[in-house]
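Numbering follows our numbering, with no gaps: position 202 of the sequence shown is 202.
Take these hints with a grain of salt, some might be off.
Stated by the list, open to error - Straight line, CA to CA, 30 Å or less: simulated DSS-like cross-link-like pairs of lysine-lysine:
id, residue 1, residue 2
1, K2, K146
2, K228, K247
3, K2, K93
4, K146, K107
5, K247, K226
6, K226, K16
7, K214, K224
8, K18, K228
9, K146, K199
10, K224, K25
11, K2, K107
12, K18, K224
13, K25, K214
14, K93, K18
15, K179, K52
16, K18, K179
17, K179, K93
18, K107, K179
19, K16, K93
20, K226, K18
21, K228, K16
22, K50, K2
23, K199, K2
24, K107, K93
25, K16, K224
Stated by the list, open to error - Label-pair distances were calculated between CB atoms; the ranges are:
id, residue 1, residue 2, range
26, K247, L202, 54 to 64 Å
27, Q68, T13, 21 to 31 Å
28, K25, N84, 28 to 38 Å
29, N151, L242, 49 to 59 Å
30, L220, E150, 46 to 56 Å
31, E245, K52, 48 to 58 Å
Calculated from the structure, these hints are not laboratory results. Don't be surprised by glycine CBs; every beta carbon is placed ideally from N, CA and C.
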Amino acid sequence: MKILICLSNVPDTTTKIKFVENNTKFDTNGVQWIINPWDELALTRAVELKEKNPSSVETVAVISVGLQDFEATIRKALAIGADNAFRINAEPKDAYFVAFQLAEVIKKESFDIILAGIESSDYNGNAVGSMLAEILDMNSVSAVSKLDIENNTVLVNREIDGGTEQLEVQSPVVLIVQKGIAIEPRIPAMRGIMMARTKPLLVSEVVSSEEYCKPLTYELPAPKAKVKLVDPENPAELIRLLHEEAKAF
Numbered sequence: 001m002k003i004l005i006c007l008s009n010v011p012d013t014t015t016k017i018k019f020v021e022n023n024t025k026f027d028t029n030g031v032q033w034i035i036n037p038w039d040e041l042a043l044t045r046a047v048e049l050k051e052k053n054p055s056s057v058e059t060v061a062v063i064s065v066g067l068q069d070f071e072a073t074i075r076k077a078l079a080i081g082a083d084n085a086f087r088i089n090a091e092p093k094d095a096y097f098v099a100f101q102l103a104e105v106i107k108k109e110s111f112d113i114i115l116a117g118i119e120s121s122d123y124n125g126n127a128v129g130s131m132l133a134e135i136l137d138m139n140s141v142s143a144v145s146k147l148d149i150e151n152n153t154v155l156v157n158r159e160i161d162g163g164t165e166q167l168e169v170q171s172p173v174v175l176i177v178q179k180g181i182a183i184e185p186r187i188p189a190m191r192g193i194m195m196a197r198t199k200p201l202l203v204s205e206v207v208s209s210e211e212y213c214k215p216l217t218y219e220l221p222a223p224k225a226k227v228k229l230v231d232p233e234n235p236a237e238l239i240r241l242l243h244e245e246a247k248a249f
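Kindly produce the complete structure, drawing on both the sequences and the hints.
Next up, the structure:
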């Protein structure tokens, strides 16, 4: 089987968010970029499956939409254990644009399992995986928290209201994964970092597509109110603040 992981390039969670050009554009200056956490967990699980049963998993590849500065993040994915990578040379705009560009490359290849994170940690978007499955006319399973391959059969667990659903799915399939797919992200070893420099990275140019939405402006959330300290000997004041200001009851 061949596994493909869709990667997003997102700002580190410690990044201070700023907007420029009259709040119409995200300021990327000084931003530290990382692999989207859910995508990194998906990659970790794919590498684990290949190591566990190399006769079942032939290759693990990654794909992304991004400009050249994204290649450092892609190389990290290769260092973690991916065998090869694809990059569509375009700035990711919205979910449909990204899904369409990914699909155009995937149509030319042959993958049995495509993994996409349940959301991205920058815009908290969660539509790329399902859109990709629709464009490719593939089966898809959402909220996947466990993935195994046994005798070339794909077995998954997905979270549902009140419990977990166990499924056997036919490939090719798009799996939209969430927390639980792997225990924790894998840290690249020095050997992996050195090998990543020579692994293949195929770059494709953008394909014309429809533009269905366009960001108009951005705004930061309102700053949190200052903490109010209440004398522990004055519980009546605490109750008043909870009732009148916090509206807790």
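Can you give the numbers of the hints that this structure goes against, from lowest to highest?
No numbers; nothing is violated.
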